[in-house]
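For the record, the sequence lines run as chains A and B.
UniProt numbering puts the first residue of the first sequence at 1, with every later residue one more than the last.
UniProt numbering puts the first residue of the second sequence at 1, with every later residue one more than the last.
Please note: incorrect hints may appear among the correct ones.
If several chains are the same, the list does not tell them apart, and a pair holds so long as it fits within one copy or across any two.
The calculated BS3-like cross-link candidates involving lysine-lysine, where the alpha carbons are at most 27 Å apart (straight line), are [said to hold, decoys possible]:
#1 K591 with K570
#2 K94 with K4
#3 K304 with K4
#4 K464 with K94
#5 K94 with K193
#6 K287 with K546
#7 K21 with K579
#8 K21 with K354
#9 K287 with K304
#10 K441 with K579
#11 K441 with K546
#12 K548 with K285
#13 K570 with K548
#14 K130 with K579
#15 K94 with K579
For the record, the hints were derived by calculation from the structure and aren't laboratory data.
Protein chains: 2
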Amino acid sequence: MSPKLTGEILRQLRQAMRNCKYFSEPIQAYIIPSGDAHQSEYIAPCDCRREYISGFNGSAGTAIVTEQHAAMWTDGRYFLQANQQMDNNWTLMKMGLKETPSQEDWLISVLPENSKVGVDPWIIAADQWKNMSKALISAGHCLVAVQHNLIDVVWPDRPERPSTQLRTLGLEYTGTSWQDKVTMLRAKMTERKIGWFVATALDEIAWLFNLRGADIEYNPVFFAYAIVGMNTIRLFVDLKRLSHPVLRDHLQLDAPIKPELSIQTFPYESVYTELQAICAALGPKDKVWICDKASCALTQVIPKAHRTPIPYTPLCLAKAVKNATEIQGMKMAHIKDAVALCELFAWLEKEIPKSTVTEISAADKAEELRSQQKDFVGLSFPTISSVGPNGAIIHYRPLPETNRTLTLNEVYLIDSGAQYVDGTTDVTRTVHFGTPTAFEKECFTYVLKGHIAVSAAVFPNGTKGHLLDSFARAALWESGLDYLHGTGHGVGCFLNVHEGPCGISYKTFADEPLEAGMIVSDEPGYYEDGSFGIRLENVVLVIPTKPKYNYRNRGSLTFEPLTLVPIQVKMMNTELLTKKERDWVNDYHRKCREVVGAELERQGRKEALEWLIRETQPIV
Amino acid sequence: MSPKLTGEILRQLRQAMRNCKYFSEPIQAYIIPSGDAHQSEYIAPCDCRREYISGFNGSAGTAIVTEQHAAMWTDGRYFLQANQQMDNNWTLMKMGLKETPSQEDWLISVLPENSKVGVDPWIIAADQWKNMSKALISAGHCLVAVQHNLIDVVWPDRPERPSTQLRTLGLEYTGTSWQDKVTMLRAKMTERKIGWFVATALDEIAWLFNLRGADIEYNPVFFAYAIVGMNTIRLFVDLKRLSHPVLRDHLQLDAPIKPELSIQTFPYESVYTELQAICAALGPKDKVWICDKASCALTQVIPKAHRTPIPYTPLCLAKAVKNATEIQGMKMAHIKDAVALCELFAWLEKEIPKSTVTEISAADKAEELRSQQKDFVGLSFPTISSVGPNGAIIHYRPLPETNRTLTLNEVYLIDSGAQYVDGTTDVTRTVHFGTPTAFEKECFTYVLKGHIAVSAAVFPNGTKGHLLDSFARAALWESGLDYLHGTGHGVGCFLNVHEGPCGISYKTFADEPLEAGMIVSDEPGYYEDGSFGIRLENVVLVIPTKPKYNYRNRGSLTFEPLTLVPIQVKMMNTELLTKKERDWVNDYHRKCREVVGAELERQGRKEALEWLIRETQPIV
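Start from the sequences and build out the full structure, keeping to the hints where you can.
Structure below.
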């Protein structure tokens, strides 16, 4: 991997910062965040501006360029990669180390007095703008919005914004029409006396209109905005995409049944001027809802007196609670996914002794097997396929230069998932094809105990996910071990594999309480640097449960695993398991055998069925 | 309990609000918070202004008086009591109910346009002022600081501010001289480039100077402020208190050894003008530390550009980590306290069959027995002594009209503690003197399992207390039960029985990580309304431990119980306990027998010793 040479584009960028063509005065520093205008986790090639200017393509990082310096802030996952990808025009700012200054402190230390710091207001979130602006002002500088993105100025062959074909989802997949979703949204708005709602997150817009796209790899979303009032619905999207009769019919564009459910369509870019027009006509008490993570540009269109920023939108909350149809779809998707993984593991067992399988070819095989399943659309994230020491790199993705061969001597970790039209999957299994060491088994068993502790937990209605995080760690902690990531994230239904507002992590506190119908992952791990990685991940559904008592009629919840892939018994030290834990493993394996076995039989996949039966023998 | 008649004092208060003698314009509403100028949890009689104006004497509540209305906000613990204590001039605002407006919303709904809302800036915290002021401004009103407290104006026989004798604590109790504490504080200030620190919390000031008072019941503190600069120390206190030679010597008032450790003393009231003088002389980059919970009055003396508000002061953090001398003192205090409680329980067993013991007389007996122990100073909080259904009232305090007799038929819960010169105690035991029901035993056992889960937890250095809270609930949750309070609070060393910044609660997130030397309570419970209450509370010390592995050299922590009072085996359903839990109980009881038994023997308290030996038989 040789670094990108950035001398010439930095020279051009600095010229653009100086020459007053894009802002009325010269600017002394320019901030290039990672995201797009929708604060997406995964972004399209046209939005990879930070990568273009620096060469660094990790998923997290912020670049700042001044007349003299170019600096990149990123976290521990990417120190090595950033160093390899960036040339010596760049200084790496290692976040999380004590000696590393914050972006604000660094700017204040290098800027001449009374400086202007520019940023594209579309790709900085409103809450980030606020913090940065406050810090700069207190030091006599000023954060300014540069409407024309200066990276685009120096990026001659920047890709077009994708505009893939839209797919409509009928009631058999969504369970709720977009009309009913709009009506539910308006009921929430009425309850809180809100006149307008601005939707900016791509998965929320896709969910609201029961549409999917393919604009961003792994995420079935499309670039759009929506503004919903009590009587109007405005959808902002590349209008070419709406020409197909099926789509026009789905959205009732030509013959709306009710006037308040008629959708007005506008070009994607006109959201700014339309929102301005709406705001100009607001009454003195009218309020507009917008997520506090929406772009600064769009947020600031709404006059402060009318703006009601919220940490999670009503769409985000409604989307998180899956209805019966979505739950059924997710279950089907997980059965198909389990079929593909059973086949993969059966195939690996046969092929590995020939020493021909690598991390990359195993990942490719997994994708091939998934693609044979009905309604497969694509992967839901880049497959983490890792052998031995590579397994200890939590966000590992095999590359030709790191690719290891699967053998009988090392632990293999595969974290993968797919998008099917009926649901999204995300599953991690850790296996050994030879004989694991006692230490590997011990660690695996602690991780398994943590996984079971969360999966089998019973907790009152209203409990927030972060309160369950320590259950996943207790067995590891007792032996002095731990893992440095959260335990679970929300999962969309044929939508983003990571979604809010619920999760299981020690890091958050302002998460929303878990409720029946929510779907999260349960994925504790253990990583022995330079040696191996272990992670056990199921996607689980929050379900009501009825324990012996019912304190204050609050009701109780627990989890039902949707993922149905055997957990390798060979990796367990069963002596470390309690009776309750052994029963859990046996119940889980019985269910895998029944449900996935029936589907394997139906699909006539004999070898995988034999593997499944072998791997689901009860332990004693 | 008949309500206080408040018609006349409300009339006088409204006159004072109108007549421009205390503020330049008439004010339309006046807020009366609960606290004192130091935001103390317990307050002195002279600061019970909210009680004086309303009659309501619960520990939490805020009164607001307008020309037309008088309203009291309090929480669910006090709905009944407030209703009984207030006459019909007052409207009770039940906090936590959906239909109850916030103070801000209510004010906005009742005030005429452009109103002035007054408050004494000394008894409202800076962060509360900020929130209230913002809300009022956004509705066209204004929050104004009325320097002269208007309740004091209408309170002719208001008690004097207490000025009790000060007690000096030598190194044999504190382990660290006040001079060294000042030096450590200054090192923290240098590290963060802070020039001045303003101490306003009474326990922090007592801790810093190794002094104790008795100005507030249960809390060995005294009214004072302190301001520490890099070369000066200013102490603000009723100067009469400093006349005794022992005190003058302790503080080196007459012959300071080093100039930078010389204490300048000022009258308590002059803190405002002195802080003004200090701030007037600040250089452009000088920063002043003050807790964001300090009074608005004192906070606003510091110009915003110089003010660095902090959620926890360096004194609060340093005080929480006990040194070896303090730990030794706390251990001694807990042994003495256990002696008193063993005697109490032995006495109760004998007396209860006579039907002569009540909640109040049992509490009095506990105090009497404690007072026989060396260096006893007083109770550390009002004893909760509760029988049967009274036990389900979490903050119960026996009164003549609620006083129940202890019998062989009901569960008895006693939560009590004392101040000794060497340490502070806080212990809860729940016992049955006859035969508990199967349900009582079942609930007790779940609570015990939760208590053990926290007490025996092993967790990495850097773990925050709130991450352990769910361990205390897991067994209750599994059966559909729970308790609606936190699991633990910090405990001072011959200081406040509740102290920050650490604790074990689902309610906080911004708590500081636990570290070796911190002392907290571990007190899960279960409350069956109308029937019984169960709580099991030990004070526990955070200690380092060495499990099998040491992931990333972070080190691990666990707890050592300081409280050594047997847990009643009769209340346990031992079949519900795991082997590990039974071992914990037996180990704990062995330690009680060894340590407290030796002291009982030394003190010649035979009956209590026999009781202890009986109650610490191993379970199988």
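Same-copy or cross-copy closeness of K441 to K579 [CA-CA at most 27 Å]: For K441 and K579, the Cα distance is within 27 Å both inside one copy (18 Å) and across copies (24 Å).
Homo-oligomer pair classification [K546, K287; C-alpha up to 27 Å]: This pair counts as neither: shortest intra-copy Cα distance 42 Å, inter-copy 57 Å.
Identical-chain pair category, K21 with K354, by Cα at 27 Å: Answer is neither: 63 Å inside a copy and 96 Å across each miss the 27 Å cutoff.
Within, between, both or neither, where K287 and K304 count as close if Cα-Cα is 27 Å or less: within (10 Å within a copy, 32 Å between copies)
Alpha-carbon proximity between K441 and K546, which holds within one copy, between copies, both or neither at 27 Å: between (35 Å within a copy, 21 Å between copies)
Identical-chain pair category, K591 with K570, by Cα at 27 Å: within (19 Å within a copy, 42 Å between copies)
Up to 27 Å CA-CA - K4 versus K94, copy category: within (19 Å within a copy, 64 Å between copies)
Up to 27 Å CA-CA - K285 versus K548, copy category: neither (50 Å within a copy, 63 Å between copies)
Homomeric proximity label, K464 with K94: Cα distance no greater than 27 Å: Answer is between: at 25 Å across copies they meet the 27 Å cutoff, but 32 Å inside does not.
Identical-chain pair category, K21 with K579, by Cα at 27 Å: Neither way: K21 and K579 sit 72 Å apart in one copy and 76 Å across, limit 27 Å.
Up to 27 Å CA-CA - K548 versus K570, copy category: between (35 Å within a copy, 23 Å between copies)
Intra- versus inter-subunit Cα pairing at 27 Å for K304 with K4: neither (43 Å within a copy, 46 Å between copies)
The structure shown violates the earlier hints numbered 3, 6, 7, 8, 12, 14, 15.
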